[in-house]
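Protein chains in written order, with the working numbering: chain A, 29 to 422; chain B, 4 to 101.
Just to be clear, a hint being listed does not mean it is correct.
[Claimed, not checked] As a list, the in silico DSS-like pairs of lysine-lysine whose alpha-carbon atoms are at most 25 Å apart:
no.	chain 1	residue 1	chain 2	residue 2
1	A	40	A	155
2	A	348	A	50
3	A	330	A	348
4	A	126	A	40
5	A	40	A	137
6	A	155	B	79
7	A	137	B	79
8	A	181	B	79
9	A	224	A	246
10	A	50	A	137
11	A	348	B	57
12	A	126	A	50
13	A	224	A	190
14	A	190	A	137
15	A	190	B	79
[Stated by the list, open to error] From the structure, some residues in chain A lie toward chain B, with a derived Cβ separation under 10 Å:
no.	residue
16	57
17	58
18	62
[Unchecked claim] Cβ pair distances, simulated, as ranges:
no.	chain 1	residue 1	chain 2	residue 2	range
19	B	18	A	139	15 to 21 Å
20	A	221	B	74	27 to 33 Å
21	A	190	B	82	53 to 59 Å
22	A	256	B	98	42 to 48 Å
23	A	184	B	18	55 to 61 Å
24	B	62	A	57	26 to 32 Å
25	A	332	B	73	54 to 60 Å
Since the hints were made in silico from the structure, they are not lab data. From a predicted model like this one, the values you see are computed outputs, not experimental measurements. Using N, Cα and C, we set each Cβ at its ideal position, and we do this for glycine too.
Each chain, letter by letter, is given below.
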Amino acid sequence: MSGVRVLVGTHKGAFILSSDGKREKWEVAGPLFAGWEIYHMKGSAVDPNRIYASQTSGWFGQILQRSDDGGKTWQQPGTPVGEAPATGGGPPKAASNKFVYDTSAETGKPLTTHQWYDGTQHPWEFKRVWHLEPSLRDAETVYAGVEDAALFKSTDGGQNWKELAGLRGHGTGPMWQPGAGGMCLHTVILDPGNEKRIWIAISAAGAFRTEDGGVTWKPINRGLRSEFIPDQDAEVGHCVHHVAMNPGRPGVMFMQKHWDVMRSDDAGDSWREVSGNLPTDFGFVIDVHAHEPETIYVVPIKSDSEHYVMEGKLRVYRSKSGGGEWEALTRGLPQKDCYVNVLRDAMAVDSLDECGIYFGTTGGQVYASSDAGETWNAIVRDLPAVLSVEVQTL
Amino acid sequence: MIRVVLPFHLRALAQVAGEVPLEVPTPVTVRTALDALEARYPMLRGTIRDQVTKERRAFLRFFVGEEDWSLEPADKLLPEAVISGREPLVVIGAIAGG
Numbered sequence: 029m030s031g032v033r034v035l036v037g038t039h040k041g042a043f044i045l046s047s048d049g050k051r052e053k054w055e056v057a058g059p060l061f062a063g064w065e066i067y068h069m070k071g072s073a074v075d076p077n078r079i080y081a082s083q084t085s086g087w088f089g090q091i092l093q094r095s096d097d098g099g100k101t102w103q104q105p106g107t108p109v110g111e112a113p114a115t116g117g118g119p120p121k122a123a124s125n126k127f128v129y130d131t132s133a134e135t136g137k138p139l140t141t142h143q144w145y146d147g148t149q150h151p152w153e154f155k156r157v158w159h160l161e162p163s164l165r166d167a168e169t170v171y172a173g174v175e176d177a178a179l180f181k182s183t184d185g186g187q188n189w190k191e192l193a194g195l196r197g198h199g200t201g202p203m204w205q206p207g208a209g210g211m212c213l214h215t216v217i218l219d220p221g222n223e224k225r226i227w228i229a230i231s232a233a234g235a236f237r238t239e240d241g242g243v244t245w246k247p248i249n250r251g252l253r254s255e256f257i258p259d260q261d262a263e264v265g266h267c268v269h270h271v272a273m274n275p276g277r278p279g280v281m282f283m284q285k286h287w288d289v290m291r292s293d294d295a296g297d298s299w300r301e302v303s304g305n306l307p308t309d310f311g312f313v314i315d316v317h318a319h320e321p322e323t324i325y326v327v328p329i330k331s332d333s334e335h336y337v338m339e340g341k342l343r344v345y346r347s348k349s350g351g352g353e354w355e356a357l358t359r360g361l362p363q364k365d366c367y368v369n370v371l372r373d374a375m376a377v378d379s380l381d382e383c384g385i386y387f388g389t390t391g392g393q394v395y396a397s398s399d400a401g402e403t404w405n406a407i408v409r410d411l412p413a414v415l416s417v418e419v420q421t422l
Numbered sequence: 004m005i006r007v008v009l010p011f012h013l014r015a016l017a018q019v020a021g022e023v024p025l026e027v028p029t030p031v032t033v034r035t036a037l038d039a040l041e042a043r044y045p046m047l048r049g050t051i052r053d054q055v056t057k058e059r060r061a062f063l064r065f066f067v068g069e070e071d072w073s074l075e076p077a078d079k080l081l082p083e084a085v086i087s088g089r090e091p092l093v094v095i096g097a098i099a100g101g
């Protein structure tokens, strides 16, 4: 292990922050894809030089970018820079930004409707890729969680995508509804020991799990309570903001729901609240220490109407007991006049011996702690609003 | 040879500067012009019109001179001024904050 690479997606481009294992001095590269929203970037665990990025725009739609050299150069998969023009009118070699819901008779599900903000039904429409999750076994395989909620898979390095339609076609779709950010599939967790088992989460539908590689899915929301739905204990309809799992302990899951921090010890079959003494249990991010699976981190946000930290103080809360008892981590973080948010995919941990924690804010700061949260430093302070943070331990 | 003017972000994506000269087989229409553009610059597929339905993306507009062609049928013959290269076909992003 020689260093870390922090992949930062922002509202106006991507940035790559690099450091050696000490994590004291940083190099900042970017903006990449300047002016575009970069919802997420993530590197392959199999080949760290392989990085995928979701580049989106309300004007120009979805673009999928890939780097094979650790972020130095990028291409739209299947459309290398300098490639000879297509000729002859044949089918395109690749369609890396073509996300079409699978309605085929063989593997697809009919394109149905979901609940709209006003309670009416609304057709499923692709809008963007929120999250890219590279396979733990094969650098060419990558999953994409999209809005309107669905899971896609590519097995050719992002050149072509196929929906795992069993999720969208689970049958509860008409009860799914968008949160304020849209009806997004934002969390994809792969089981290191079982490639057929995948967890996903959707705002606002809840968490789901497959045991057969994505053919069939089970809602796993027992124990969640949400005041904004008529049946507060419903099977689906919960606004799950993020789920995290220590890869060394598959099946022990931690969730930041709209309100409530939750924990499951049975792979999501049941959940219990572990908000404990948090000053507010609303928030977006949650993550787990790389080596201490009972040590978890959240950033409490004042409320769902006031998307900023409480009392003008940016505080990461850590529990060393898997929830319930929390302590505020503040050293190096602003404790006055700070009113930022930390979005759901904007926290990550490295796996160096002394676990590093990273998060980005809507104010454009990216903070790092190289001592598991005891102290913090801003790597950068003035980026565009941060949408996502991932880290690669190199 | 027609001329196509792209907005900043699409010029960056296609790695072109300024106007794009384009050979378009007859009949020269918005559809055939975009077909030729996407064939020459495959990275632009899906950015101007939907990959499947071929409908113009909602926040983009097409202009010929001062004339708005956004709502014209995609198969309508473009004016002689565009076909001859005197006037460009202009793709414009809707003006909005951000």
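Hint-by-hint comparison with the structure:
1. A:40 <-> A:155: 18 Å, holds
2. A:348 <-> A:50: 24 Å, holds
3. A:330 <-> A:348: Holds, at roughly 23 Å.
4. A:126 <-> A:40: 22 Å, holds
5. A:40 <-> A:137: 35 Å, violated
6. A:155 <-> B:79: It is violated: about 29 Å lies between the C-alpha atoms, which goes past 25 Å.
7. A:137 <-> B:79: 36 Å, violated
8. A:181 <-> B:79: 38 Å, violated
9. A:224 <-> A:246: Since the Cα atoms of residue 224 (chain A) and residue 246 (chain A) sit roughly 13 Å apart, the hinted pair holds (cutoff 25 Å).
10. A:50 <-> A:137: Not OK: residue 50 (chain A) and residue 137 (chain A) at ~50 Å, beyond 25 Å, violated.
11. A:348 <-> B:57: 53 Å, violated
12. A:126 <-> A:50: Since the Cα atoms of residue 126 (chain A) and residue 50 (chain A) sit roughly 41 Å apart, the hinted pair is violated (cutoff 25 Å).
13. A:224 <-> A:190: Distance of about 17 Å is within 25 Å: holds.
14. A:190 <-> A:137: 12 Å, holds
15. A:190 <-> B:79: 34 Å, violated
16. 57: Since the shortest Cβ distance to chain B is 17 Å, the answer is violated.
17. 58: 14 Å, violated
18. 62: 8 Å, holds
19. B:18 <-> A:139: 15 to 21 Å: For residue 139 (chain A) against residue 18 (chain B), whose Cβ atoms are near 35 Å apart, the range 15 to 21 Å is violated.
20. A:221 <-> B:74: 27 to 33 Å: Given about 55 Å between the Cβ atoms, the range is violated.
21. A:190 <-> B:82: 53 to 59 Å: 42 Å, violated
22. A:256 <-> B:98: 42 to 48 Å: Given a distance of about 35 Å, which is not inside 42 to 48 Å, the answer is violated.
23. A:184 <-> B:18: 55 to 61 Å: Given about 23 Å between the Cβ atoms, the range is violated.
24. B:62 <-> A:57: 26 to 32 Å: Distance hint for residue 62 (chain B), residue 57 (chain A) holds at roughly 30 Å.
25. A:332 <-> B:73: 54 to 60 Å: Given range 54 to 60 Å: violated, Cβ gap about 38 Å.
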